[in-house]
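Participant: Work the whole structure out from these sequences, hints included.
Protein chains: 2
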Amino acid sequence: MTVTPHSGSQPSGSRRPAASPAETAEAIRRGDRRALARAITLIESTRADHRAMAEELLAELLPHTGNSIRIGISGVPGVGKSTFIEAFGLHVIGQGHKVAVLAVDPSSQRTGGSILGDKTRMEELTRNTSAFIRPSPSGGTLGGVARRTREAMLACEAAGYDVVIVETVGVGQSETAVSDMVDLFMLLLLPGGGDELQGIKKGIVELADLIVVNKADGALVNAARHAVAEYRHALALLRSPSKDWKVPVLTCSAATRIGVPEVWETIGKYRSTLSATGALDVRRAEQARAWMWSEIAETLTDAFRHHPAVRADLATAEYAVTHAETTPTVAARALLEKFLGRSR
Amino acid sequence: MTVTPHSGSQPSGSRRPAASPAETAEAIRRGDRRALARAITLIESTRADHRAMAEELLAELLPHTGNSIRIGISGVPGVGKSTFIEAFGLHVIGQGHKVAVLAVDPSSQRTGGSILGDKTRMEELTRNTSAFIRPSPSGGTLGGVARRTREAMLACEAAGYDVVIVETVGVGQSETAVSDMVDLFMLLLLPGGGDELQGIKKGIVELADLIVVNKADGALVNAARHAVAEYRHALALLRSPSKDWKVPVLTCSAATRIGVPEVWETIGKYRSTLSATGALDVRRAEQARAWMWSEIAETLTDAFRHHPAVRADLATAEYAVTHAETTPTVAARALLEKFLGRSR
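Chains as they are written, first to last, in UniProt numbering: chain G, 1 to 344; chain S, 1 to 344.
Do not rely on the hints blindly, as some may be mistaken.
To be verified - Computed spacing ranges between beta-carbons, pair by pair: (1) S/Y319 with G/A255: 43 to 53 Å; (2) G/D49 with S/T141: 36 to 46 Å; (3) G/D49 with S/K243: 43 to 53 Å.
Quick caveat, the hints were computed from the structure, so don't treat them as lab data. Ideal Cβ placement from N, Cα and C applies to all residues, glycine included.
Facilitator: So, in C-alpha cells, the structure goes:
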C-alpha cells in the first residue's frame, strides 16, 4: 500500500501548501507514488472544491493517458482472484511493465470492507515498486464508484502504469460497469462443469473477451480440461463470434503460476488483433461517449428525483403504476410536467 | 386486417361526430373491432390532441386490462415466425381463446415496410374473427414504438383478447424492449447447431423464457433433435437457473403443426408456475415501474438534447470526449450546467 489513511484523507492537506494541479500532475508523471495516491483520494472525494481540483488535475493529465492496456477481471469469491492478480501482476512486471490494480466494488458499503482492503492479499505484488494497488473506495452508487475508478485509471496511466487491472466481484451489476471501461474483460472460473456459474449473474459470460479456468492444478487438472472443452462448446453455440476475436478459454493455476504467462500472451494477441483493425480505438471512443451520456442521464434523473414537487408525488405515482391504476406514460408525464414546468 | 388505411388515418374522423373516450371504450369492450383499430391508430399518433385523447381512452380502459397472457416471439428472418404465429394462433383460438398479434419493428422506418405489413402473411389467422392482427407502426424511436405497442396491448386486453402476441425480428435491440413488456419471451430457432445463432445478437438467448426449434420436420427432424440436446446442455452450463422456471427447449414444425399444441401447454405451465409463486405479478409491476422510469429518462434526455445551448455545443463535446481531449465527466458537467442553469 502506498497511501496511508492519514495522507489519504487529506488531499488538500493543511501541513504543507497545497500543490497546484500542474505541480501535482508533474509529480505524478515523474512517478511520485504519494502524489498519485493523493490524486486518487482527491478524485474519490465528493466535496465540491475537491471535485473542481480533481477536474483541473485530470485536464493536466489527460494528454498523457491512454497508453495502457486496460484489463477487467471478474470472478465469484473463491475463484482465486487475488492469487491470480498477484501471479499475473508479477509475471507482467517481470516482462518490464508497470502494473496498477484498481477495484470496483459497490457492495463494499454494505459489507463494510473493500475487496482490496485486506492487506494480507497480494503481499508480494504490494511490495513491488512497479506495482500500484488501490483499494475500492467505499460507499456511493455504482455510477459514482465507476466514475472514480475510470478517473483513477487515467491518473495511473499518466503515472506510467502501462497495465491497468480493474478487479470486481462476480456477483453484481459492477461487471457491466467494468467491461464498459476496459479494453479486455476477463472472467475467472473454477473447474468443474457449470455448477460454479450458478453464482454468476445472467449475461456476465457474454461480456467476457477471455475466459480463464483457474485452479487447474493437482487433482483438478482433468476437471479443468473438461470444463474448458465444455465452455468452448457452449460459447461456440451461444455466442455470435466477433469477426475480430473468438473468445479463448484457457486454464491456469495461479497458485503454481502455470499457465499465467499464456494468459498474458493471449492478451497481447487480443491487443494487437484489435489494434490492427481499429476496433480497440472504436471501443474506447464508444466507452467515452457512453460514459458522458450516462453521467448526463444520471445527473438529470437525480435532479428530477430531488425536485420538491416530484419528490412529493413519486411514491404515489410508483404505487399507482405498479398496481395498474394508471399507465406509466400518464404517470411519467404528470411528474415530468412538474419538473420541466410546462406541458409536453 | 381489420383496419383500412383510410379509417386508420382518421382517428378523429370528420365524417361522423367524434365518439367520446367513454363511448369508444364501451365499443372496444363490446368487441367492436373497428373501434379497437381506431383506438390503436389514436395511440400511435404523435399529434398532441390525439395523444391527450389516447390517454383519456386508456384511463377508461385500464380497469379492464391485464387479463391476458402476454407472449413475446422473436427469431431471425427465415425462422418461420409468421407460419409459427399462424399455426399457434389458430391452435389457441381452437382452445377457445381470442388472439391479438402486435409487432415491434423499429427497423421498419429504414426498410420501408413493417414486419406484419405483408398481407399475404398469416392469411388464415387474419380471416379468423377471434384474431386481431395489427402491423407495426412505422417510424419513430424504439422507445416510441415500444410505448405504442405497450398501450396497444392494453387496448387489446380491454377488448377481450386473452392471448396477446408481440412479434419482433431477432436482429436488433427491440428484443429487450419486447421482453420488458411480456410475461413470457419465446425465441424461435432453426435446427442445425449453433450456426443459425450467428444472426442473433449477444444476450438475446439469455432473455428467453422458452426456446422453440422450428422446422423440425422432414429431413430436419434429426438435426432438430440434436440442436435441442445441444441448446439444453449449453443453457444448463451458461445460465443461472431460476428457482421458479427452468427454460425448456422444445421442437415444433409450424408447417405441419406438429409440436404446436405442446408449445401452448408449456406456456400454460409457465403461467401457472409463476402465478403460484407471485413471480408473474412481480414481473408486471417491475415492468410498469421500469416503463415509467424509461419514459422519464427518455423525455429528460430529449429535453436536454433539444435545449438550444446544449444543441450548440453537443457535437464539439462528443468530439472532444471521443478523442480524449476532455474527460466525459467534465464534458457532461459543462453541458448540464447549460441545461439546468446552475453549477452542480
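Participant: The structure should be examined with respect to each hint, and the outcome stated for every one.
Facilitator: Do the hints match the structure? See the list:
no. : hint                           : result
1   : S/Y319 with G/A255: 43 to 53 Å : holds (48 Å)
2   : G/D49 with S/T141: 36 to 46 Å  : holds (40 Å)
3   : G/D49 with S/K243: 43 to 53 Å  : holds (49 Å)
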